[in-house]
Amino acid sequence: MPEKFDVIVVGAGPAGTSCGYQCAKNGLKVLQIERGEYPGAKNVMGGVLYKQQLEEIIPEFWKEAPIERPIVEQRMWLMDEESAITFGYKGQAWANEASYNNFTILRAKFDQWFAGKAQEQGVTLINETVVEECLVEDGKVIGVRTDRPEGEVLADVVVLADGVNSLLAKQLGFHHDIEPAQVALTVMEVLKLPSETINERFNLEDGQGCTIEMFGDATKGHLGTAFLYTNKDSLNIGVGATLSSIVKVKMKPYELLEYVKNHPMVKPLIQGAEEAEYLAHLIPEGGYHAIPKLVGDGVIVAGDAAQLVNGIHREGSNMAMKSGSYAAEAILLAKQTGRFTEDVLDIYREKVYESFIGQDLKKYKDATETLETHPQYLKEYIPMMNRAAREFFTVDGASKREKQKGIFNMFMERGKIRTVQDMYRAWKVMK
Amino acid sequence: MSEQHRGIWVFAEVNDGTIAGVSLELLGVGRVLADKLDVPLAGVLLGENITPLSEQLIHYGADEVYVIDDPVLKDYRTEPFLAGMGKLARMYVPEIILYGATPNGKDIASAIATDLKTGLTADCTMLDVNVEKRLLEASRPAFGGNIMATILCKKHRPQMATVRPKVMKSLPADPARKGTVIEEKLQMKEEEIRTKVLEIIKGPGKSVDLEGADVIVCGGKGMGDEQGFQLIHQLADTIGASVGGTRDAVEAGWLSHDHQVGQTGETVTPKIYFAIGVSGAIQHTVGMKNSEMIIAINKDPDAPIFDIATYGMVGDAREILPVMIKAFDERLRENEVVSHA
Amino acid sequence: MHIVVCVKQVPDTKVIKINPKTNTLDRRGVPSILNPYDTHAVQEAVHLKQQYGGKVSVLSMGPPQATAVIKKSIEIGADEGYLISDRAFAGADTLATSYALTKALEKISKTSPIDMVFCGKHAIDGDTGQVGPGIAKRLDIPPITNISAITKVTKDYVELQRKLQDGYAYIRSTLPCLITIEKEINEIEYASFPNMLKAVHFQPVVWSVDHLENVDRKQLGLKGSPTVVGKMFAPPKQEGGHRLEGTPEEQVKQLVEVLKDKQDLFHVNKS
Ligand SMILES: Cc1cc2nc3c(=O)[nH]c(=O)nc-3n(C[C@H](O)[C@H](O)[C@H](O)COP(=O)(O)OP(=O)(O)OC[C@H]3O[C@@H](n4cnc5c(N)ncnc54)[C@H](O)[C@@H]3O)c2cc1C
Ligand SMILES: Cc1cc2nc3c(=O)[nH]c(=O)nc-3n(C[C@H](O)[C@H](O)[C@H](O)COP(=O)(O)OP(=O)(O)OC[C@H]3O[C@@H](n4cnc5c(N)ncnc54)[C@H](O)[C@@H]3O)c2cc1C
Ligand SMILES: Nc1ncnc2c1ncn2[C@@H]1O[C@H](COP(=O)(O)O)[C@@H](O)[C@H]1O
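Residue numbers (my numbering), protein chains in the order written: chain A, 1 to 431; chain B, 432 to 772; chain C, 773 to 1043.
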């Protein structure tokens, strides 16, 4: 007879661990199953962890968690082939513990730590084990089958926090197959660089960090972004584009990364750094429209598995944690009622949709698609803006009024109506 | 430890009536150490009908040979060999004993170290002595070969080490050398011994002759894929060489484990060693760096293999090899025609 | 049949890094693993248990973290675990290690007599293979090293295949005996889910020096170790030779030229 738990959590990423932690803390018998050698072994993330959601679970976690640097500056680059319009925000407020906003982390270390905290709460974690399918009886999920001999194990509720590809949610028919336009393939490298060099190049005090997000030429004008983040003594550099546009560009992801690394804006920042790791991973970018069915009898889907990622703001781990927390709340409620059916667990779905997760994803619901179907934003406007800025800042005897006129004409060359339409559309999807 | 510990011993391993190569190599290095310390060098021979082999040990540098010739020592077994070696070491108190780092050498050395309660350094690749302190400086790769450590045994005697085959050089045999042979007896009856050798089967699992090969063509991860690796086989076929591989090539499944050269594979010393698409990681080079000539092809001009290559060719192996195969093929056929003519 | 397997926790030498400036080990982030040969030893013991009945115990000496390798052994199917852990054991070389492990084996055998002790062929951090034969000598049982197959087991004896430099010896030994295990003896099986669960909560019996009997403390740890590490240094670098220059054709031409007088080493492929 297989063993029975209150809760089985599949996956030890931010979503699964957050859920397991809170269930165990409230006295439930929790089994967490992770296919990696240890939590985080294969997990990839640009590396920005927002404070809020984890702080709610573990107050002042940064005092012991393996964070790299608190971020005091966020830069945005709108890039052309050799130039960029740069803007961003830097503030000492973010350097104060009380008002930290986010941190860079390395997932391999962070996930292990977080899962360790959950184990302290009583979670039983099994690594190196793949959950192959949910056990379903009379339409209700009653446990899982792993790939190990005698691999079945039972539970009242199974939480699917198995990441972007969630095969398990697909097997249950919760998902439609993910379309190439709804996922981004991201490749990234960890580049070793001495801490002092990083401080110098990025103009940082010791123990403070900076992030750079790149749009435009970074992805050769195709839909996606690149990023460069500072860790303690390494940098994370990566670039991602939707699968559909990668197919169109016919440029392999690592070639794109090479291209970014050699961009004149980027190259001096990473010069001399030693490649320590190369990683590739999918990010769900489908947004609001791609959210699958979130609950069923005896089952909840959380985190990336539920496609809860805000591609525009690169928020994912925070949504994963928050959804994990909501899942725990729903499970605890169900435990009280003794019923683990869809109608009881449905409180999870409500919370996800009512919270910032649902709200934010709704706000940007058409952004990806708009950018995908209207490549002119990345391909034409950003280079144009670069040209405009260069024009404007170059002192060459022309009056500023003439310059503005020239720039205006440049934008209107594409046809007044089209440009105005484009601007209106952009405003609409981002509003 | 006492002042009376004097002399360097080499445990002479005998297989099928012949002395193992590593034992002769140890006499070579032992000779150097003995001269530095100004003590005699001795070989130790245990076995059945092995007394005549004493001469050979002397030719290769021994001043003395201790012999126990006894039927219970016919095939190697720990118990009787330990008894014999332990007896000799207690009677004649050497200050250093060297063993080959072979299965039998390591087995006997470990047992004796525990018996005599002394230190033993395993798998050495460099040996020296501090004459003043009469200390053996035994150096060996540690932590997967990433670093060398020198191990000392300051307060216990004898000082002992096992040494990897093929890293030391034996002296040329000198048939004119003279030495003394000291024979002892072993009081041990077959019935007292708890292990029996039922059968010995030579050679299986050793279908690949890397050790004896004059020319080895070794391919690494740089060959790209199984198909790319075919070029390695083609070159080897063309010039009649044996094929070797790095661990990465073996792990990729391009050839079987018995072709692996390096720390966890074979140690080889061919006359010519081709290292193609091989980065030259230390774990690989420990197994081949003593080759007489090393020819490396690598597209990375900074690949460490070039540090030990006699001839280095920078470039894409997949481009160079077809040219090379063709050139050798033509050259060799030409020769054949000439020699047949 | 009671088999005790000695298992050691070792740094994974595949990922170990050396700081080239100081020649010291960079242990940061180097994972600790169950010595691969010991993994095969545990697996073999579990196979024998499945075939002949009895139980498998594992014994390790090390810091409290070494519990991890005992848990790993439980995953494979071991039944009991013992950890000897004490500052007094620290800094032990193979002689002192075999002494401490022997004392623990003696204690284990008092409650549950031991038929066979298994060790790995060697530990990948030290690569010595000396501890096994050392234990056998101290327990006064026959050691048989480099075992690649166990062909027969009876109440009184075992038959084994021992790997030699160039072949195999088939050996019969009385019981009890100590054998050291080669990797080729078996394939590690994928552990069952119940064993994985059992391992998570498994706690070994932990003994300090005071738990062991008739211990001569002088033979333990650093004090009991005749060998010391003198110095660490980078492996000697050799000087490279000539670089051949030019196009592939030109390089090959030069090579064929320099190999001219070595051509007798080549054999024309007659086929
Ligand atoms: C390159 C990149 C950059 C990113 N940058 C950021 C950023 O800067 N900030 C941010 O907040 N978010 C970022 N994200 C998004 C963020 O990584 C994810 O949203 C977050 O990791 C989701 O957490 P999760 O727990 O849902 O899934 P995951 O972290 O993917 O965890 C799922 C876990 O389940 C395991 N698993 C999967 N299937 C099985 C199975 N069948 N059996 C057992 N275990 C299984 C996996 O091994 C994995 O450990 C980025 C993502 C990528 C790829
Ligand atoms: C404990 C331990 C034991 C080990 N034992 C062994 C052992 O016994 N034997 C062993 O070999 N390794 C062993 N290793 C592994 C060793 O450290 C190296 O990883 C391995 O030798 C590397 O193999 P490689 O040179 O084939 O691959 P890589 O290191 O990947 O090198 C491939 C090389 O090919 C070059 N290259 C790529 N493409 C081309 C091309 N088209 N043309 C020409 N050149 C090209 C590259 O520049 C590179 O230098 C051991 C490691 C450990 C930790
Ligand atoms: N600290 C230890 N604890 C348990 N077993 C050990 C320990 N050290 C060595 N061994 C055993 O002895 C074998 C050989 O180790 P070594 O002699 O260090 O190469 C290992 O494979 C283990 O089985």
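In short, the hints are calculated from the structure, not lab data.
Hints are supplied without guarantee of correctness; some may be wrong.
[As the list claims (entries may be wrong)] Covered stretches of chain C (chain B as the covering partner; in silico rule of three or more C-beta atoms under 8 Å from a C-beta of chain B):
1. 865-876
2. 929-939
3. 998-1006
Note that CB positions come from ideal geometry on N, CA and C, so glycine has one too.
Worksheet item: Are at least 3 residues of the region 929-939 of chain C within less than 8 Å of chain B when you compare beta carbons?
Response: Per the Cβ count (7), the hint holds.
Worksheet item: According to a criterion of three or more residues whose C-beta lies within less than 8 Å of a C-beta of chain B, is the region 998-1006 of chain C covered?
Response: holds (count 9)
Worksheet entry | Coverage assertion for the region 865-876 of chain C with respect to chain B, Cβ distance below 8 Å, three residues required | Since three or more residues must qualify, the claim that chain B covers the region 865-876 of chain C holds, with 4 doing so at under 8 Å.
Figure legend: structure checked against the earlier numbered hints; every hint is met.
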